[in-house]
Every structure is written in structure tokens, then in C-alpha cells.
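Following the hints, put chain Z in place on chain B, whose structure we already have.
Chains B and Z supply the protein sequences, listed in that same order.
For the first sequence, position 8 matches number 8 in our numbering, and the numbering has no gaps at all.
For the second sequence, position 153 matches number 153 in our numbering, and the numbering has no gaps at all.
Heads up, some of the hints might be wrong.
Reference listing, derived: stretches of chain B covered by chain Z, where coverage requires no fewer than 3 residues with Cβ under 8 Å from a Cβ of chain Z [claimed, not checked]:
1. 49–59
2. 78–90
3. 104–111
4. 318–329
Some but not every residue of chain Z turned toward chain B, in silico, with C-beta under 10 Å [unchecked claim]:
5. His5
6. Met85
7. Thr97
8. Gly107
If you are wondering where the hints come from, they were derived from the structure by calculation, not from laboratory data.
Cβ atoms here follow ideal geometry from the backbone N, Cα and C, with glycine treated the same way.
2 protein chains.
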Amino acid sequence: MLHGHQTWVFPNRPTILSTATVGGPFEAKGPLAEDFDILHGDLWLGQDSYEKAEKKMLEEACEIAIRKAGLQKEDVQFFLNGDLMNQIISSSFAARTLAVPFLGLYGACSSSMESLALGALIVDSQSGNYVLCGAVSHNAAVEKQFRYPTEYGSQKPPTAQWTVTGAGIALLSSKGEGPKVTSATIGRVIDMGITDPFNMGSAMAPAAVDTITAHLRDLRISPSAYDLIATGDLGQVGHQIAGDLLKKHGFEIPEEIFTDCGILIYSEEQPVVLAGGSGCGCSATVTYGHIFNRLKNGELKKVLIVATGALMSPLSYQQKESIPCVAHAVSIEYNN
Amino acid sequence: MLHGHQTWVFPNRPTILSTATVGGPFEAKGPLAEDFDILHGDLWLGQDSYEKAEKKMLEEACEIAIRKAGLQKEDVQFFLNGDLMNQIISSSFAARTLAVPFLGLYGACSSSMESLALGALIVDSQSGNYVLCGAVSHNAAVEKQFRYPTEYGSQKPPTAQWTVTGAGIALLSSKGEGPKVTSATIGRVIDMGITDPFNMGSAMAPAAVDTITAHLRDLRISPSAYDLIATGDLGQVGHQIAGDLLKKHGFEIPEEIFTDCGILIYSEEQPVVLAGGSGCGCSATVTYGHIFNRLKNGELKKVLIVATGALMSPLSYQQKESIPCVAHAVSIEYNN
Numbered sequence: 001m002l003h004g005h006q007t008w009v010f011p012n013r014p015t016i017l018s019t020a021t022v023g024g025p026f027e028a029k030g031p032l033a034e035d036f037d038i039l040h041g042d043l044w045l046g047q048d049s050y051e052k053a054e055k056k057m058l059e060e061a062c063e064i065a066i067r068k069a070g071l072q073k074e075d076v077q078f079f080l081n082g083d084l085m086n087q088i089i090s091s092s093f094a095a096r097t098l099a100v101p102f103l104g105l106y107g108a109c110s111s112s113m114e115s116l117a118l119g120a121l122i123v124d125s126q127s128g129n130y131v132l133c134g135a136v137s138h139n140a141a142v143e144k145q146f147r148y149p150t151e152y153g154s155q156k157p158p159t160a161q162w163t164v165t166g167a168g169i170a171l172l173s174s175k176g177e178g179p180k181v182t183s184a185t186i187g188r189v190i191d192m193g194i195t196d197p198f199n200m201g202s203a204m205a206p207a208a209v210d211t212i213t214a215h216l217r218d219l220r221i222s223p224s225a226y227d228l229i230a231t232g233d234l235g236q237v238g239h240q241i242a243g244d245l246l247k248k249h250g251f252e253i254p255e256e257i258f259t260d261c262g263i264l265i266y267s268e269e270q271p272v273v274l275a276g277g278s279g280c281g282c283s284a285t286v287t288y289g290h291i292f293n294r295l296k297n298g299e300l301k302k303v304l305i306v307a308t309g310a311l312m313s314p315l316s317y318q319q320k321e322s323i324p325c326v327a328h329a330v331s332i333e334y335n336n
Numbered sequence: 001m002l003h004g005h006q007t008w009v010f011p012n013r014p015t016i017l018s019t020a021t022v023g024g025p026f027e028a029k030g031p032l033a034e035d036f037d038i039l040h041g042d043l044w045l046g047q048d049s050y051e052k053a054e055k056k057m058l059e060e061a062c063e064i065a066i067r068k069a070g071l072q073k074e075d076v077q078f079f080l081n082g083d084l085m086n087q088i089i090s091s092s093f094a095a096r097t098l099a100v101p102f103l104g105l106y107g108a109c110s111s112s113m114e115s116l117a118l119g120a121l122i123v124d125s126q127s128g129n130y131v132l133c134g135a136v137s138h139n140a141a142v143e144k145q146f147r148y149p150t151e152y153g154s155q156k157p158p159t160a161q162w163t164v165t166g167a168g169i170a171l172l173s174s175k176g177e178g179p180k181v182t183s184a185t186i187g188r189v190i191d192m193g194i195t196d197p198f199n200m201g202s203a204m205a206p207a208a209v210d211t212i213t214a215h216l217r218d219l220r221i222s223p224s225a226y227d228l229i230a231t232g233d234l235g236q237v238g239h240q241i242a243g244d245l246l247k248k249h250g251f252e253i254p255e256e257i258f259t260d261c262g263i264l265i266y267s268e269e270q271p272v273v274l275a276g277g278s279g280c281g282c283s284a285t286v287t288y289g290h291i292f293n294r295l296k297n298g299e300l301k302k303v304l305i306v307a308t309g310a311l312m313s314p315l316s317y318q319q320k321e322s323i324p325c326v327a328h329a330v331s332i333e334y335n336n
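The shape of chain B in the complex, shown without the other chains:
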């Protein structure tokens, strides 16, 4: 199974039996609205805190994925999830509701592919079946924790990104019909010395590039092996930088196959999103909704999702630390 230094190849090709995506009111106005299973008009989801709303989204996504696969909660063997809340309470509290063995992960916005990579390893090595993998974020919960409560209406620079309110879940199985997880590249932590938390895309771009080049090098393939290479949430600014850096490294990715989940999820008619979407739920919902649908309808056959995460905390920023970043890449194939 081992291939190269950072990349796992999965010979048993774990199947994504089903996926589920839940979004909020802002995602409902975006171009990918049709790709969500549920879109909530109310950012509170009827809960008394944004944190509980985030947990509820995740619980809904898990329920839907399980139902779509024709399974029961009791069939699920492991649950792997991450979020951006301190002590990943959204994941842990949803795991309490699910009551299945739980592995909590933290890779900031890279958690979506960290959970899929580890879930695929569990299924591929026959260490589990029916494994739920996902990530969740909530705009208002994240803004409150990392920056200011949204009610303050504080201004942001154009490099800033808009945290997606969304939960994305994939249900993996050793057998069955659906897209296959074929390989995963675990990223190194890269820090180029950027200290501005309103410019995460620039901070994360080198990590995305490091993981993409490692993936291509480990598997001895070129970018054209994929119909689509989508980074997690670099946004407009980071996407441009990543493209330039890749070119510099001799891996020019044609524009038509290189995209970013943070760019895809919102439209230009939503100027408040500034440089694009971000947050754990960004790559999770875009991958398990929009990209998954394009795989299912035959438009795409082979994709590489490169989820990027900025591993800082408000405290590390206050202590003048720069922003270490990581990216994990997972390839998904579907020949239906």
C-alpha cells in the first residue's frame, strides 16, 4: 500500500456509498445551492447558540448520509470528524448523539480530507466498514471565536474570506456502488512567515503546492491525470499564488482543471465574501455536494481534492507567531 513517502495508495478502493451536505442561508444564495441536501434559512437552526446550530448541521448530515446508504446508525463502525471550534466540540457532541466509536481530528480546514484519508485507510486495511468522515463549520460561530461576533459588523480587507456554514459527510464502505477513494497524500506543515489572519489564502497556498507536488511526485503522474484538481479554500488570492508557485515548480496545471472550493461556493453577486469561502465546511460541502454530483453524472472521472488548513489560533496570533499551514490531498475516481 505504501507508495512514496507521503502518499497512501488504496488497492481495495474504498467506496463512497453516499454523501450528505447541509448549508446555511448564505450558501443558499450561492451558485452551488442545488448541490446541497438541506439549506437552512435560519443561521440558528432553531438552536439557542451558533455552536449548537453547527452541531445540529453535522448531525443532520450524518443522518442523511446513513439514510441515503440504506443503513442504520448502528451499522456505522467509526466516525471521523473535525471542526474549527475550540476542543472540536461540534464533532465531539455530534459523536455523542451518534454513539459510535469516534476519532476526533484537527487539521483546521484540511480536516475534511484528513478525515477522508484516515477513513479510507481504515476501510482499505479492512479495519472497519461503514465509516463516516466529514467536517463542519459555521460562519457566526467561527467569526465569534476567531475574530469578532458578526453582530459587531467589523470591516475586513479584500483578502479576507467568508467562513462557510456547512457540514459535509461521506460514508465509506469496503463494497458497493459509488465513487472510489484511490489515494491520499498527507501534508507537511509549511510556514512562509505570513502573520495576517485576514490573508489565509496566501498563507495556505504554499502548503497546497507542497502537497500537490508531493502527490504527483509520489505517484509519478502529471496534473493531467486528473479531470479536476480542487484546493480546499485558498480563495481568489491564494488560488492565484498557488498557480504561480506550481508553475515555478514545473507543475503547470491547466486553468480549466484547476479550481478552488472557496471560489466555487459563492458568486460575484455576493461581494461580502471578499476573496471567497473558507472553513472546514467549505471543501467538505463542495466536494461531497457539487463535485460528487459531477462525478456521479459522468462529467468528471478522476478528481484530486486538496483541503488546506491554517493551523493558527487567536492566541498564537496574539503571541506574534506566523501561520503554519497544512494540506491533505485525496483522489476520488468514478467510472460509471
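Only chain Z this time, still in chain B's reference frame:
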């Protein structure tokens, strides 16, 4: 490899090539002081924040484990770690220094065995070699974040525990001489409705019991299969409850083989620790120092480490949520 519902059995028996433990001034006064590789007299480790001191301890532990195994940093293929800081900055920032592929984990104080379980899965499935697994905590950094800065000198009830200042690391390999990781049981999240963050032992005890009974049931063994079953950091109060609950479930564990890392690490001459030690670094340092040495000298042949974690956050407590808990168990054998 799959065995039962929650337990992985590792047929290739990954080897713990080396371990390393780093502690602080309080651990230096405890009964296990001899089992640490480094004990710092200065809680700051010469850094300008407790968070940076925590990161430094972890970096030191990684360095020592690599050196003991006769390897270089470049030989390490993956690094899996968790801590208690928001956004696990100690782990992420140490991963930046190590510059190897990194998987960030969050299982509160269960992170020590979560990282060992996943690391063993990676090595056992031949998905990686030379994998560093560990956990770290720092008393003053944790107190400041979860409760009050220690300088305030706030009083605590006798059920409270003392967060260990310590980093524990194991270096796993597919080959070589040393104790073997033979199985791992991934825990479910259990919440008995306890809301008092000064009584974590009572909150975590049912999770420990759930995982121990699952482990014994999955492997169809009795507690006597082990020379030692050590829970992570239940402390005096939680240990008593766990013993009573196990008896109720028909799994009475003889007193001489049932212990708790939170009880072992401090002595009765350190009354400020109240009910015992806690924190990610507690089970990590006791396992990779004290218990590892007892395996190496032949005193123990087969041990089960059940690291327990309380998955709450200060915010979830303020929002009147109860404390969900989890425990992950890993068995280690050595016949030398």
C-alpha cells in the same frame, strides 16, 4: 485485521522502537521522576509563554525518541499528535519544526492512545514506517485556558485534578526490537450528564469502562489477560468509580493489576494535586516512561492503556452542556 466492532488487531505487531518523556518541575518531585528523559526545573523552559514552553517540550520529546532509535528527523514518515490547546497549536507548531507529514488529532486526554492506535494502524497496514505518536500538556497553559491563570491562586475542590506538564512520544516501526502494539479499541462518546469540570474523573470513568468492556468483549478475553490495565487520568475519584462500574458489568479487575496514570504520577506528599494527575501528557508520559521501563525490564509482559478524555470546552460548559467523554485503549506486549 478487523476483530469485533471497535477493536483493531495488528497482525504485524508494530514495534515501539523508542520512547521519550519530558516533564516539568512538579513531575520532578513525583514518584516517577526517574522514568523521565528530561525534567525541567523551569516551567517556562526559557520561553516567553507557557504555550511556547509546551511546544518546546514536545519538540524535545520528538528529538530524543528519534535519537534513541538511531534515526534522523528525515527518516520519520508521519507525525500524529494531540494536545489540549485551542486549535492544538502545540502539536501543529512542533509539526512545523519537524517538517514531516502531520496528522493533528483531538481527543482531549485520550489523544495519547488515539495517536498510538492510528500510528499502529498506519504501520501495521504498511502505509508508513517510523511514525511518531504522542501527546503533550502543560499545567499553566491549560489552567489559563480552561480555568484561571495559576497566578490567581484560585481554590479547587478535592475532586479536581492537576494537569501534568509533560510530553510523551513513541516511535513506531514495522521492524526492530522493542515492545509490540498488538491491538487498539476505539471508544464511543459517553456522557452521563456530569457538568462539573472540577470532577472530570467521575465524568470520564463510564467512558473508560465502556471501552474496557468493548475491548474484552471484542477479543473474548478476561482482564487477567493483562499484567496491568492502566486508565489514563481518572484520578482517585474516577478510578474508584470505574472499578465499581466494571464489577457491576461482570468484569471485576483485580486491584493489583488495575491502576491509573493520574494516580501513579504524583505522590501523597504532593497534596496540591488533589485527586491526581490529568492532561494529555499524563497517560503519555506514564506509559512511555514508567510503564515502558517496566515492560523493558521484564516486570510486565502485557499491558492495556486506556487513555480517557473529557471532550468539553470552556464554552460548552458555559452553555450548560454536560461533559461528553471518550476512551481509547491500546495493548502493548513485550517478551524479551
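Verification of the supplied hints:
no. : hint    : result
1   : 49–59   : holds (count 3)
2   : 78–90   : holds (count 8)
3   : 104–111 : holds (count 5)
4   : 318–329 : holds (count 4)
5   : His5    : holds (6 Å)
6   : Met85   : holds (7 Å)
7   : Thr97   : holds (9 Å)
8   : Gly107  : holds (5 Å)
Of the numbered hints stated above, none is contradicted by the structure.
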